[in-house]
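Enquirer: Respectively, the protein sequence lines represent chains W and D. Our numbering applies: residue 1 is where the first sequence begins, and numbers increase by one. Our numbering applies: residue 387 is where the second sequence begins, and numbers increase by one.
Since the hints were derived computationally from the structure, they do not count as laboratory data. There may be inaccurate statements among the hints.
Unchecked claim - Computed from the model, here is a short list of chain W residues facing chain D with C-beta under 7 Å: (1) 40; (2) 42; (3) 43; (4) 77; (5) 134; (6) 241; (7) 242; (8) 324; (9) 355; (10) 356.
For clarity, every value in this text was computed on a predicted model and none was experimentally measured. Beta carbons: idealized from backbone N, C-alpha and C, even for Gly.
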Amino acid sequence: MTNIRSVLLVKSFFFREFLSFVLFLIMATMHSHTQEKEVFVTGYLSLNAEYINNNKVFNDLFDNNGIDITEASVLTTLKLNQKISIFSVLTYKPNIDWHSVIAELSGTYKFSDQLSLKAGRFLLPINPINAQYYAPMNVGIALPSFITNHKLFPLNMNGLNLLGNIQIADDIGFNYDLIAGQYNKIEQSEDGVLGFFGREGIFLTDSVDLAQKKIENSDSLDQYEHPRFWGTGARLSFDIGSRFNIGIGTFYGAESKSVVTKNGNTYFSDIDNFSVGTDLLYDIYDLSLKASLWFGNELPDDTTHFQSKKYYILTSEAAYTLWQELTPYAKLEIISGMAKENRTRTIFGVNYRPFYEFTIKLEHIRYFQDQIDDFDVFQASCVFSF
Amino acid sequence: MKKKVLHIVAFLTMYFAACVISYSQDFKVIVNIDSQIESITIGNISDYFLKKKLYWNNDMKIVPVDQIVNSKVRESFTKIIHEKSVAQIRAFWQQSVFSGKAVPPVEKASDQEVIDFVMQHKGAIGYVSSDANTSDVREIKIVKE
């Protein structure tokens, strides 16, 4: 029965997304006969190599090195006229389900610079770090913890986004984004060649049995039935000149079902997620500084078998471009209080882009976790852009 | 030994002089003939081409028009106006597009195509080689900030 339901769900999703694409193509064709339209296509392919050093538990359960195509994306922007545009990003990653290949597919109607309405699937605009989901947006290789390691907000959503920009002084702009809709996944996401990123929480102690158990008893229904949950959020930000941006964001997601097994019994509960945070971006000539701090709160209905969790994530990044090609960078990320996990990771790397079409990145990550020895991850990446 | 050092110094001086000369301005910035603009700062031109500023002072929409990526004039324009390489500017646009902020300006394959585009669009701004005939458009003076 469950299998039939799953198949039906898969079919209905496929049908809906296929229909969206057909609609997109029909609209594009219709307009191509009537108006001058602008089309912009870009994309990239990323080949990564990974090596995880000195994590005994990980080495017992998985290979500690590998090489693979970790990402390939094609972005198409179609501007049908001054008011209507259609935006799509198809992204392949080895560890995502096929629904997630359509990372974004949306249409925007621009009433004015101060007011636009976007409908479809889009990356959540409540934190600019979400955009680092795409390799060219990320100076480094590993995805920020805001994307792989938290339940603060989902990566993307199917729904509506009301957005705009209001110039309040010569050098001060005010931006707003209001969103509402449904999302499929707010859980940690596997990423990378070995599927290690996003699952660091499994390797919290030196116990292989415990890690194995955590893998088998995942605490989420997300991966079973591709559920959908309602959520809403907002971001308000200010541009000061063209070099400084400060923003605040919030997200509320209702009824993300969770399951837990205790003493052989299985318990289910709805868990609401509420988060709020702020971000800063400072760009001056060849120096770029970014920082983001978010607080999350999980509120279960069943407080007997589920715990209310409070946690925060801090990320910061500094990058400096030398000779217009070489960008050394450093990042610091701290996750605290999430399921009694405290994790810090430092990232150092270099990004070399001698010409637009080719980027090479080298990266070292050092993990500091509570109950196991510190360990390292080494990564290399070649990104081909077009 | 002294002679060798002198040779190296002379070589380096000539090399840097050549670099400076090769990036001297060999383009003209043009706007529509009806525009009232007389002069413009380098910073403003950069902001207009990167779509950081969207409107002229008279509230008309700015429509920048670029040259294709492998043209000499674009290389020179990018070095002087943006103080970056063409690859860096393309990377900037790739990031803008992926974040859904903006798409790059329209690109044209020759000076004449740029001039034609600027003639047809009231709010347009473009650049052409310094030897191009710009009698149908208005050439504006670039001033330092």
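Enquirer: State for each hint whether it applies.
Expert: Right, here's what the structure says about each hint:
1. 40: 5 Å, holds
2. 42: 6 Å, holds
3. 43: 9 Å, violated
4. 77: OK, holds: residue 77 of chain W within 7 Å of chain D, min 5 Å.
5. 134: 5 Å, holds
6. 241: 9 Å, violated
7. 242: 5 Å, holds
8. 324: Holds: closest Cβ of chain D sits about 4 Å from residue 324 of chain W, inside 7 Å.
9. 355: The hint holds - residue 355 of chain W has a Cβ within 7 Å of chain D, the shortest such distance being about 5 Å.
10. 356: 4 Å, holds
Violated hints, in rising order: 3, 6; the structure is consistent with all others.
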